[in-house]
Amino acid sequence: MRGLAYRQKLRTLGAQEARIQRRWPDFKFARLNDRMVRWDGPLRGAQKWYQVRVLWLIDGSFRPYVCLLDPQLRPREGGTFEEIPHLMFDAECPERSGLCLFDPEGNEWSNRMLIADTTIWWAAEWVFYYEMWHLDGVWRGTGVGHESIAEARAAALYRQTSALPEGTPETPAVAKG
Amino acid sequence: MLASNTAPILDDILLDVVTVIELSDHDRQVADNRYGRLKPHLERPSSPLREALMNSASMIYAQGSMAIGATIISGTDEDRFDVDALVDMTTPSHWSDDDVLDYLFDALQGFPDVRKFVRCTRCVQMQFAFMHMDVTILDTARQPRPERVGEIFHSPDKAVGYRVPSNPYGFSSWFRTNVTQPSDDFEKSLRSRRSIYGIDRLPPLSIKAEVDQENLPPVIPPRLDAQQVLALKLMKRFLNLRYENRVSPRPPSIYFTKLAVTCGYAQAGLTTQLERFAGKVKAEMDGAYAANNGPDERNPSYEPDRLNDRWPTTQVDRKTLSEDMDYLLNALRIARNSEMKDIIRIFANLFGERVSSRTQETFTKRMDQSMGRQTFRFERGTGTIIPVTAAAAAVVVRGAVAAPAHKFHCEE
Chain B
1 MRGLAYRQKL RTLGAQEARI QRRWPDFKFA RLNDRMVRWD GPLRGAQKWY
51 QVRVLWLIDG SFRPYVCLLD PQLRPREGGT FEEIPHLMFD AECPERSGLC
101 LFDPEGNEWS NRMLIADTTI WWAAEWVFYY EMWHLDGVWR GTGVGHESIA
151 EARAAALYRQ TSALPEGTPE TPAVAKG
Chain H
1 MLASNTAPIL DDILLDVVTV IELSDHDRQV ADNRYGRLKP HLERPSSPLR
51 EALMNSASMI YAQGSMAIGA TIISGTDEDR FDVDALVDMT TPSHWSDDDV
101 LDYLFDALQG FPDVRKFVRC TRCVQMQFAF MHMDVTILDT ARQPRPERVG
151 EIFHSPDKAV GYRVPSNPYG FSSWFRTNVT QPSDDFEKSL RSRRSIYGID
201 RLPPLSIKAE VDQENLPPVI PPRLDAQQVL ALKLMKRFLN LRYENRVSPR
251 PPSIYFTKLA VTCGYAQAGL TTQLERFAGK VKAEMDGAYA ANNGPDERNP
301 SYEPDRLNDR WPTTQVDRKT LSEDMDYLLN ALRIARNSEM KDIIRIFANL
351 FGERVSSRTQ ETFTKRMDQS MGRQTFRFER GTGTIIPVTA AAAAVVVRGA
401 VAAPAHKFHC EE
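These protein sequences, in sequence, are chains B and H.
Quick note on the working numbering: the first sequence kicks off at 1 and runs consecutively.
Quick note on the working numbering: the second sequence kicks off at 1 and runs consecutively.
If we strip away everything but chain H, and leave its shape as in the complex, we get (with noise of 0.2 Å):
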């Protein structure tokens, strides 16, 4: 009778590698500001996009992990995170497709603290130490006009521009609305941990160049701390690891977006919901290599906007995830009976070297006992430490068990 599917110690040091890898709330508080000062930076007088944006309903909001809370550091060595600004306005109907994005570069120069500009395909990145910020234009294109549904501008270097149909909005509204809402507990329980543990990383200098935006509404929404959107930080984050020195495409990250919602709940936890996550992909990867076709996935708030309009191009491309997510759910079948230094280092491998060992900083320091621990509580059945019962799944919870306090001995 032995419990069968539950991890809650994985679960727990899942979480922590969470809160290694995500935006702290200092984080998001200099990214927020950022974000604040994009719309009075483009409609300021010399901006070629003012007269523009002040003579439509413009508006600039987060989209992508942003606009969801998914948002992760990247690569190996730095910590980075990327983001994502939408301008969503009415451009003149003189503009061409091109001159779009030209503009849009034009007019993000002297942005604060920026190191680099960068004119991409669909957007115009903003490179600032530990952050870049992909700023996108959607046209509001044609009236009536469904709730920001719009055209982005693919606009490549060699070849004509065209329009691509698109609604960031209405795709994160679905997934906020979609994802399995945490316990009151849980969201609790996880804002704590990251309170004490969580890495701060973008210079605290562009705060305080910012400090006149301190007043605004915060621009990105709140922090979403439900099970899918914890399972897809750390699949992004894998991906990210296998991805980094590959000359293969890496799928859009709205592809898995949509696939952590599509996946389901899983009741027994963080590591279950994650091996759900990664068999969803794996059965999408396999359907569509068998068919060599596909997949086709939609926004579901706007038919006509394909989440993974440029991926995948090849059979390749699908044996390649195909084969990742069978990597990633072998890695966690041998650390659910793993102990703990093995579990490190599988952790070091599926999501990097640092990000493990920050992972087993923060959780010896949690778990150490002369810090004046209360009593734990145990999973009934296995004997499994539950080392914070708010975290740990509800099935676990329900047969939670305490045992009366002791301290260990020693004697020959």
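Chain B on its own, in the form it takes in the complex (with noise of 0.2 Å):
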């Protein structure tokens, strides 16, 4: 009986970092435990670059981390952490929260993709939007859903209050970072 197509087994440490290392030679592999491994290097998705770090669990049993080491991740002048656009949102550490990079329901990633040639790509162009997005507060990548932790959280308390009998006092959706 033949073996799965290659596309479809799931991609081994080896392939990923084999890949990663022809296609991004200036990151940085490192092995942190039995299950967990990161790559630390470069990338720019308009000028300026950036030094991202790649979290990757060995098993494939989720999907990949990106978040940006240097610079960090900043709000607009006077805004917050939670608008941000696309992000997996870390409240404990917003700075380092990760890049939601493609939609989960959507079956863009699997663990049968290369890092390589999907994750890394996405963070440069996420970056890329981000710059964007700090010049004028807009967000004109693609996206699914809602665009930011902040815009997710009004519409959640406008759903409530909605349902509120009137003259309920709201609650403030984001408070200042």
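If you are wondering where the hints come from, they were derived from the structure by calculation, not from laboratory data.
Built from N, CA and C at the ideal position, the CB exists for glycine as well.
Be aware that a few hints might be false.
Unchecked claim - The calculated BS3-like cross-link candidates involving lysine-lysine, where the alpha carbons are at most 25 Å apart (straight line), are: (1) H:K365 / H:K188; (2) B:K28 / B:K48; (3) B:K9 / H:K407; (4) H:K365 / B:K48; (5) H:K319 / H:K280; (6) H:K407 / H:K236; (7) H:K282 / H:K319; (8) B:K48 / H:K407; (9) H:K188 / B:K48; (10) H:K236 / H:K319.
To be verified - Computed footprint of chain H on chain B; a stretch qualifies when at least three of its residues, placed anywhere within it, have a C-beta under 8 Å from a C-beta of chain H: (11) 9-21; (12) 39-46; (13) 85-95; (14) 148-160.
As the list claims (entries may be wrong) - Only some residues are given here: those of chain B computed to face chain H with a beta carbon under 10 Å: (15) F29; (16) G79; (17) L101; (18) D117; (19) W121; (20) A124; (21) H134; (22) L135; (23) D136; (24) G141; (25) T142.
Need the complex rebuilt from these two chains, each delivered in its own frame; the hints are there to steer you.
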């Protein structure tokens, strides 16, 4: 019996590492423990170089987690971290929030794909639109669902308050960061 | 193994700057109509030039920036184009060198849409709304005549006039032949960008008034979208702003035009081209400063034609320009590793606030994925987005990579 077609096999750590080294030779690999590895390296969506980190569970049980190391995530002037679009928001350490690079329900990524050919390109694109968002507060990239946690929370609050009787005071959706 | 000197996004934004500062297709049409109207106007029965023009094989054609497709707006507050026309004719021998421009001044009176006529040292300037046209007479001088070689007239108010050997046509031809020609894809891409984002400045009324010119063949040569021409446009814009409030004389555009070619072609794209150009100008200035002499830049098609015959006159002129190039190079160096917000700020400083904000508007519109953009390509090894592959440097395009489609998401 023939094995699964190449594209249907789960990608091993060896395959991921080999591809990243080929595509992104400046990304440095490190094994954190038996389950988790990381790659740190530079990329630029536009002109500025960003040092990014990709965290990966070797068994492929979770999607790669990408965050900015240097420069770190920052809100727009006078804004909040919650307003930054398309994050896997980490309330405890918002500047290390992951970049939410694809629609989990859209079959856009699986552990049969290569990080080097998907996640890292998408991270570059995310950085590009993040810089544009810093220009004028408009996200011009693709997107599905709520754009930011602030927007999601505001929508949830709206749903709640519209169910309440008139005159009930609203609570603020986000605190200033 | 990071890509060394490519800057695809900076190149792309610089192309948007070019689109904002250059003549739109509509403006070229208006300008062309005015060029076309010059000959019949100067040959009308009441024109003092009529007889001389009719008696010789006279021609009227574009010179300077219009002949090489490098015309840009000047000034920070007013979007005005300065263009040049040459009346190539044999002047009667009994005219003095000072008479020539006086006759031209009289002959141009009554030209449609002109708000003001100004007699300058070497030309007569017609001032239209948003456009100045400098008209110069080139006397065919001696015979036999190398193609379109002649003498222009230097006629100051308080000194004796004299003739200056000149061959603008030869220079334009040399320029057009010696720049590295753009690829078809690049030209197409720039044409399409221009047709969507180009800015019309010249009043449409002028076209209506000149509708009778529509069937004439174009007077101004076609555009030349070579990378060196684009860098020249950017350099001219930068210098327009630098010299705007200075008392020191500004170097002639034609001097830069030659260096835009002789600096050579940069494989790595428009940013590198502009840096290479600025480096060349700086080296020329530093060399001339050290020698306290020169530069002496000649027209390659006609050696007696000295391109910078009236500039520089002092060491300060040389030093000032050298420092301007340092400034430009330093700004580009910073922009190469800046985020977009800072790039827009840097460009406001280099090319003007209004130009920079229009550039931002154009760039953000073009990049908007909600308009249904196709999948991006990326620069191999860096991740840099290549918004328009055709407009990117060849070295970047060769390694460009596409990524699978996806949509950004958000979760807590």
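Hint by hint, here is what the structure shows:
no.	hint	verdict
1	H:K365 / H:K188	19 Å, holds
2	B:K28 / B:K48	19 Å, holds
3	B:K9 / H:K407	24 Å, holds
4	H:K365 / B:K48	21 Å, holds
5	H:K319 / H:K280	14 Å, holds
6	H:K407 / H:K236	42 Å, violated
7	H:K282 / H:K319	9 Å, holds
8	B:K48 / H:K407	23 Å, holds
9	H:K188 / B:K48	29 Å, violated
10	H:K236 / H:K319	18 Å, holds
11	9-21	violated (count 0)
12	39-46	holds (count 5)
13	85-95	holds (count 6)
14	148-160	holds (count 4)
15	F29	15 Å, violated
16	G79	14 Å, violated
17	L101	6 Å, holds
18	D117	7 Å, holds
19	W121	4 Å, holds
20	A124	3 Å, holds
21	H134	5 Å, holds
22	L135	5 Å, holds
23	D136	7 Å, holds
24	G141	5 Å, holds
25	T142	4 Å, holds
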